[in-house]
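J.: Take a look at the letters that make up each chain.
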Amino acid sequence: MTKRERNWLLLLPGGAWFLIMLVLPLTVVFIFSFGERGDAGGYVPAFTLEQYANLPARLTAFENTMILAPIGTLISMLIAYPLAYQLAVNTSRKWKTVLLVLVIVPFWTSILIRSYAWIYILGGQGIPNLLEMLGIEGVRLIYTPFAVLIGIIYGYLPLMVFPIYVSLDRLDKRLLEASSDLGAKPFATFMQVTLPLSVPGIATGCMLVFILLMGEFLIPALLGGGKVFFVGNALVDLFLQSRNWAYGSAVAVTLIVIMLVTVTVYMRLISRLNTQRDDVSIM
Amino acid sequence: MKPEDYISKRKFMEELRRYQKGSVSRRHFLGVTGLGAAAVVLGAAMPGLRTTPARAATDIGDRVVLATWPNYHDPKNFEIFTEQTGAFTQVNVFGSNEEMLAKLQAGGSGWDVFVPTNYTITTYVSEDLIEPLDLSKLPNYEAGAFDPRFSDAGIVDGTVYAVPKNWGTTGFAVNTSHTGGKEMASWKDFWDRTMDDFSGRTMVHDYQLTTIGNALKYFGYSFNSVDPKELADAEELLLKVKPHLFAISSDYQPAMRSGDAWMTMCWTGDGKQLNSDIPEIQYVLGKEGGELWSDYYAIPKGAPHREAAYALINFLIDPEVNAREVLAHGYPVADSRTNALLPKEILEDPILYPAQELLDALEFGAAATLTDPNRAELLARFKSA
Amino acid sequence: MRVYAICVYLFLYMPIAIIALFSFNAGRHASQLQGFSVQWYGRALKNPFVMDALQTSLMVALVSALLASVLGTLTAIGLQGMRGPVRVIFDGIIYIAIMIPGIVIGIATLIALVTVFDQINPWLAALWPEASEAPSLSMGMGSLIAAHTMFTMALVVVIVRARLSSLERDLAEASADLYATPFGTFWQITLPLIAPAILAGFLLSFTFSFDDFIIAFFVAGSETTLPIYIFSSIRRGVTPEINAIGTMVMLASLILLIIAQLILRREHKA
Numbered sequence: 312m313t314k315r316e317r318n319w320l321l322l323l324p325g326g327a328w329f330l331i332m333l334v335l336p337l338t339v340v341f342i343f344s345f346g347e348r349g350d351a352g353g354y355v356p357a358f359t360l361e362q363y364a365n366l367p368a369r370l371t372a373f374e375n376t377m378i379l380a381p382i383g384t385l386i387s388m389l390i391a392y393p394l395a396y397q398l399a400v401n402t403s404r405k406w407k408t409v410l411l412v413l414v415i416v417p418f419w420t421s422i423l424i425r426s427y428a429w430i431y432i433l434g435g436q437g438i439p440n441l442l443e444m445l446g447i448e449g450v451r452l453i454y455t456p457f458a459v460l461i462g463i464i465y466g467y468l469p470l471m472v473f474p475i476y477v478s479l480d481r482l483d484k485r486l487l488e489a490s491s492d493l494g495a496k497p498f499a500t501f502m503q504v505t506l507p508l509s510v511p512g513i514a515t516g517c518m519l520v521f522i523l524l525m526g527e528f529l530i531p532a533l534l535g536g537g538k539v540f541f542v543g544n545a546l547v548d549l550f551l552q553s554r555n556w557a558y559g560s561a562v563a564v565t566l567i568v569i570m571l572v573t574v575t576v577y578m579r580l581i582s583r584l585n586t587q588r589d590d591v592s593i594m
Numbered sequence: 031m032k033p034e035d036y037i038s039k040r041k042f043m044e045e046l047r048r049y050q051k052g053s054v055s056r057r058h059f060l061g062v063t064g065l066g067a068a069a070v071v072l073g074a075a076m077p078g079l080r081t082t083p084a085r086a087a088t089d090i091g092d093r094v095v096l097a098t099w100p101n102y103h104d105p106k107n108f109e110i111f112t113e114q115t116g117a118f119t120q121v122n123v124f125g126s127n128e129e130m131l132a133k134l135q136a137g138g139s140g141w142d143v144f145v146p147t148n149y150t151i152t153t154y155v156s157e158d159l160i161e162p163l164d165l166s167k168l169p170n171y172e173a174g175a176f177d178p179r180f181s182d183a184g185i186v187d188g189t190v191y192a193v194p195k196n197w198g199t200t201g202f203a204v205n206t207s208h209t210g211g212k213e214m215a216s217w218k219d220f221w222d223r224t225m226d227d228f229s230g231r232t233m234v235h236d237y238q239l240t241t242i243g244n245a246l247k248y249f250g251y252s253f254n255s256v257d258p259k260e261l262a263d264a265e266e267l268l269l270k271v272k273p274h275l276f277a278i279s280s281d282y283q284p285a286m287r288s289g290d291a292w293m294t295m296c297w298t299g300d301g302k303q304l305n306s307d308i309p310e311i312q313y314v315l316g317k318e319g320g321e322l323w324s325d326y327y328a329i330p331k332g333a334p335h336r337e338a339a340y341a342l343i344n345f346l347i348d349p350e351v352n353a354r355e356v357l358a359h360g361y362p363v364a365d366s367r368t369n370a371l372l373p374k375e376i377l378e379d380p381i382l383y384p385a386q387e388l389l390d391a392l393e394f395g396a397a398a399t400l401t402d403p404n405r406a407e408l409l410a411r412f413k414s415a
Numbered sequence: 019m020r021v022y023a024i025c026v027y028l029f030l031y032m033p034i035a036i037i038a039l040f041s042f043n044a045g046r047h048a049s050q051l052q053g054f055s056v057q058w059y060g061r062a063l064k065n066p067f068v069m070d071a072l073q074t075s076l077m078v079a080l081v082s083a084l085l086a087s088v089l090g091t092l093t094a095i096g097l098q099g100m101r102g103p104v105r106v107i108f109d110g111i112i113y114i115a116i117m118i119p120g121i122v123i124g125i126a127t128l129i130a131l132v133t134v135f136d137q138i139n140p141w142l143a144a145l146w147p148e149a150s151e152a153p154s155l156s157m158g159m160g161s162l163i164a165a166h167t168m169f170t171m172a173l174v175v176v177i178v179r180a181r182l183s184s185l186e187r188d189l190a191e192a193s194a195d196l197y198a199t200p201f202g203t204f205w206q207i208t209l210p211l212i213a214p215a216i217l218a219g220f221l222l223s224f225t226f227s228f229d230d231f232i233i234a235f236f237v238a239g240s241e242t243t244l245p246i247y248i249f250s251s252i253r254r255g256v257t258p259e260i261n262a263i264g265t266m267v268m269l270a271s272l273i274l275l276i277i278a279q280l281i282l283r284r285e286h287k288a
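Taken in sequence, the protein lines are chains Y, W and E. Sequential numbering from 312 applies to the first sequence in the working numbering. Sequential numbering from 31 applies to the second sequence in the working numbering. Sequential numbering from 19 applies to the third sequence in the working numbering.
No lab work stands behind these hints: they were computed from the structure. This one's a predicted model, so the numbers in the text were calculated from it and none came from an experiment. Watch out, some of these pointers could steer you wrong.
As the list claims (entries may be wrong) - Some but not every residue of chain W turned toward chain Y, in silico, with C-beta under 7 angstroms:
id	residue
1	Glu129
2	Gly230
3	Ala277
4	Ile278
5	Ser279
6	Ser288
7	Thr401
8	Lys413
Unchecked claim - The calculated lysine-lysine pairs, modelled on DSSO-like cross-linking and capped at a C-alpha distance of 27 angstroms, are:
id	chain 1	residue 1	chain 2	residue 2
9	W	Lys374	W	Lys106
10	W	Lys331	W	Lys317
11	Y	Lys538	W	Lys259
12	W	Lys317	W	Lys212
13	Y	Lys538	W	Lys167
14	W	Lys317	W	Lys259
15	Y	Lys496	Y	Lys484
16	W	Lys106	E	Lys64
17	Y	Lys538	W	Lys272
18	Y	Lys538	W	Lys270
19	W	Lys106	W	Lys167
20	Y	Lys538	W	Lys218
21	Y	Lys484	Y	Lys405
22	W	Lys212	W	Lys272
23	W	Lys317	W	Lys272
24	W	Lys133	W	Lys331
25	W	Lys212	W	Lys270
For each residue, glycine too, the CB sits at the ideal point set by N, CA and C.
Extracted from the complex, chain Y is given alone in its bound form:
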């Protein structure tokens, strides 16, 4: 057996798996997106561009997703960065692990249950009730885009903290000392040393969170009250309510294309921005 044959053999099972469970399904979705809806729902073979022509009917869902996903990512990053910095730079070794673990522990409770807790906190008996006691009346939080934003930030914050922490932790402390020895102000040190070195972590975290947010369905469903619609919600509706597989497939194909383009462009930009390209891998 040559080395080449051996490699082929090694690739065979994984390749077959990807073929059946990824390439085949995506091909089916692609084919279905040119079909038509059956009389009682489902799919009827056809070749028509009607489903794509109909895409503007889901424009709001695409808009919501493409506005709230980047905003959510950005705010998560802004909240996560100081925390990661505090953990990586200003915390003793002893506490580091404990505090780091404490960031992930909430993650072990199902996102479903945690979101449900937010329904209570943001609902009439939660924060608005407290505000009322302070004399601020009529605040409505639950089932608004704001609630969805809180939910997604809460849900994905740990995914943002970690990569940033890792990149800051790798940072050589002597660099900071050298910088201050050379008379740089703390802020200048941060802008010129710390921040550039943590770019890979920020990039990785942002991408992780962004990818997950683009396909989000649960949090808007639970905290948006059926009013704040993401593309994910539109998809669930098309497959599980109106049973329009052809149109649903067209929406899915569009989402895939949008993501491929955004993420690829993003990765190009980042890798140009930063020579440590290795660190900007997806994991």
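Dock chains W and E against chain Y, hints included.
T.: Okay, now just chains W and E, sitting in the frame of chain Y:
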């Protein structure tokens, strides 16, 4: 399934230590994250955390899966069923008939019993998704005991596919402490007030039949209309109302109870339940009309626990059990045997049994609405708008 | 800065506290506290659907994580020696697998498998000696494991490859010079070196599968995993039982983590 089976404790610790020793890296992150998963496995394997069902399973097995609607049963009855048969009931709740149909069409729903509404049954039959009932396994079913108005839809071409659960109406519930003394009596009031002083406080169903149907009623059209022009009017109204809605959901009781929502589209029983606990919440039938409906118990094709399904249906249509159900859910039943067991207040309750002139204006849902692509797409557009 | 960190932790733990608090609620409604009780813990543990869902989740997570670790490692090693179009194609597939939202994977898998099964099942029935007993393919545990394995395998490939490429290839070559067989080289040198990466991949896969709701929602057929059970319970109005389950899962993880840390610390000192 012990964790030791796939990774020894020592090995696990060794690996962990490796992470600790090495500089913190991406993989450190993975390690820490994964540890949570491992911990969960260990937790599940801890003795004492697992219990076996309280009693040995009888011949119907130890479980039955019921797909039904929110707030639709007396939980006590399921406990009694478990005591009697050893079978636990898993209740899955749905918000619309479309959702039930979609799940069955996709195959492998895993349900044993489901609760379809009158107008959907012919579609289930033509799609070959529903099992003809073996009446010999339902000794509690007595065809003559039911008011045919609310039991006919279960029989398609002479075959019984579904037995009546209860019937009801679709109106709206309104918390009168916020109406400022102005009477709410019509769908026109419902939609107009939503855009006015009820802004941000109204809920509508996540369900094409009722949400579109009651919007059609605003213009005096048929509840079941599939006419493109009439649907366009309904869509315009819905899109105009949407910014004023609190939520679009078929599970509206929690929000009405907490006071977050003041008004909601509502089914008879929810109206009754809310009104009993919070008297300011009143149930109103729009005077223009709306929906009259009847729900049924049925068994989907390929139900995994068919014997248990029959046992559960038979149990639930037992007049005594059914009477307890009515007291809990507050919907009227078409079964004269059950009604004989119910107190007079229930049988004369104006929420369950509305005045004749209000009832006369109501329509049964039409089968065409279930599969009509325009109505489905209209609701989806409304939600995603 | 410290105050800021405390605020973030408060933000992270406020919902958790609410969950734990309501798990001790005596009443049935999740939104009104009505006295203290531990009855919901007992109920959750006695409920066969909860226990079954837990078992299904663990089973699916374990099997798919194992499959993903093995197949992903093989793929990563195979790719190491590959150049040209094959490698480009695999890179593309893995990139797509990781980037595509779970919801699209779930839906695509559902419609593809349902369509394929619809084609295959009549054949199976026709070819089977006794038509009434012919097996029929349907969505269920198999499709769920297959879908989870696909996604997590991509993760394993990425992780193991990162490790492989950082290894000094010279090491393996040195071993070959010493007349070790290729298999021996792999077994004695490469594998131990990439083992931490494989383990990390396994644990990540397990976590992903155990937590996944959205893919399972579409492809699990009649199987109920823990997240699916929780989702359907939430829709019928959360009883404190769900809060009890969440609290228990979290406590179990936390306790084990603390034990692991303690042991580690002691061994460090020793």
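J.: Now look at each hint and say whether the structure bears it out.
T.: Hint by hint, here is what the structure shows:
Taken as an interface hint, W:Glu129 checks out: its beta carbon lies about 6 angstroms from the nearest beta carbon of chain Y, inside 7 angstroms. Against a cut-off of 7 angstroms between C-beta atoms, the interface hint on W:Gly230 holds, since the closest Cβ of chain Y lies about 6 angstroms away. With 7 angstroms as the threshold, the beta carbon of W:Ala277 comes within range of chain Y, its nearest partner Cβ sitting at about 3 angstroms, so the hint holds. Interface restraint check: W:Ile278 against chain Y, minimum CB-CB distance 3 angstroms, threshold 7 angstroms, status holds.
For W:Ser279, the suggested interface contact is upheld, since its CB lies about 5 angstroms from the closest CB of chain Y, less than 7 angstroms. Given the 7 angstroms rule on beta carbons, the hint for W:Ser288 holds: about 5 angstroms separates it from the nearest Cβ of chain Y. The beta carbon of W:Thr401 comes within 5 angstroms of a beta carbon in chain Y, closer than 7 angstroms, and the hint placing it at the interface holds. Contact between W:Lys413 and chain Y, as hinted, is supported at the beta carbon level, the nearest pair being about 6 angstroms apart and thus within 7 angstroms.
For the hint pairing W:Lys374 with W:Lys106, the CA-to-CA distance comes to about 23 angstroms; that is within 27 angstroms, so the pair holds. Taken as a hint, the W:Lys331 and W:Lys317 pair is broken in the structure, with Cα atoms around 40 angstroms apart against an allowance of 27 angstroms. Taking the CA atoms of Y:Lys538 and W:Lys259, the gap is about 25 angstroms. The hint holds against a cut of 27 angstroms. Between W:Lys317 and W:Lys212, the direct Cα distance comes to roughly 16 angstroms. Compliance with the 27 angstroms bound is thereby established for this hinted pair.
Restraint check for Y:Lys538 and W:Lys167: the C-alpha separation of about 45 angstroms exceeds 27 angstroms, so the hint is violated. Pair hint W:Lys317 plus W:Lys259 holds up; C-alpha atoms about 23 angstroms apart against a cutoff of 27 angstroms. Note on Y:Lys496 and Y:Lys484: the hinted pairing holds, with a Cα-Cα distance of about 16 angstroms set against a maximum of 27 angstroms. Between the alpha carbons of W:Lys106 and E:Lys64 the distance comes to roughly 16 angstroms, so the proposed pair stays at or under 27 angstroms and holds.
The suggested pairing of Y:Lys538 with W:Lys272 holds, with an alpha-carbon distance near 8 angstroms, which does not exceed 27 angstroms. Note on Y:Lys538 and W:Lys270: the hinted pairing holds, with a Cα-Cα distance of about 13 angstroms set against a maximum of 27 angstroms. Proximity of W:Lys106 to W:Lys167 is assessed by CA-CA distance (about 23 angstroms); at most 27 angstroms being required, the pair is judged to hold. With a C-alpha separation of about 22 angstroms, the suggested pairing of Y:Lys538 with W:Lys218 holds against the 27 angstroms cut-off.
Taken as a hint, the Y:Lys484 and Y:Lys405 pair is honoured in the structure, with Cα atoms around 17 angstroms apart against an allowance of 27 angstroms. Of the pairs offered as hints, the one joining W:Lys212 and W:Lys272 holds, with about 23 angstroms between alpha carbons and a cut-off of 27 angstroms not exceeded. At roughly 23 angstroms between alpha-carbon atoms, W:Lys317 and W:Lys272 fall within 27 angstroms of each other, so this suggested pair holds. A hinted pair counts as satisfied when its Cα atoms are at most 27 angstroms apart, and W:Lys133 with W:Lys331 qualifies at roughly 12 angstroms.
Among the hinted pairs, W:Lys212 with W:Lys270 is consistent with the structure: their alpha-carbon atoms are about 23 angstroms apart, no more than 27 angstroms.
In summary, the structure is inconsistent with hints 10 and 13 from the numbered list given earlier, while agreeing with the others.
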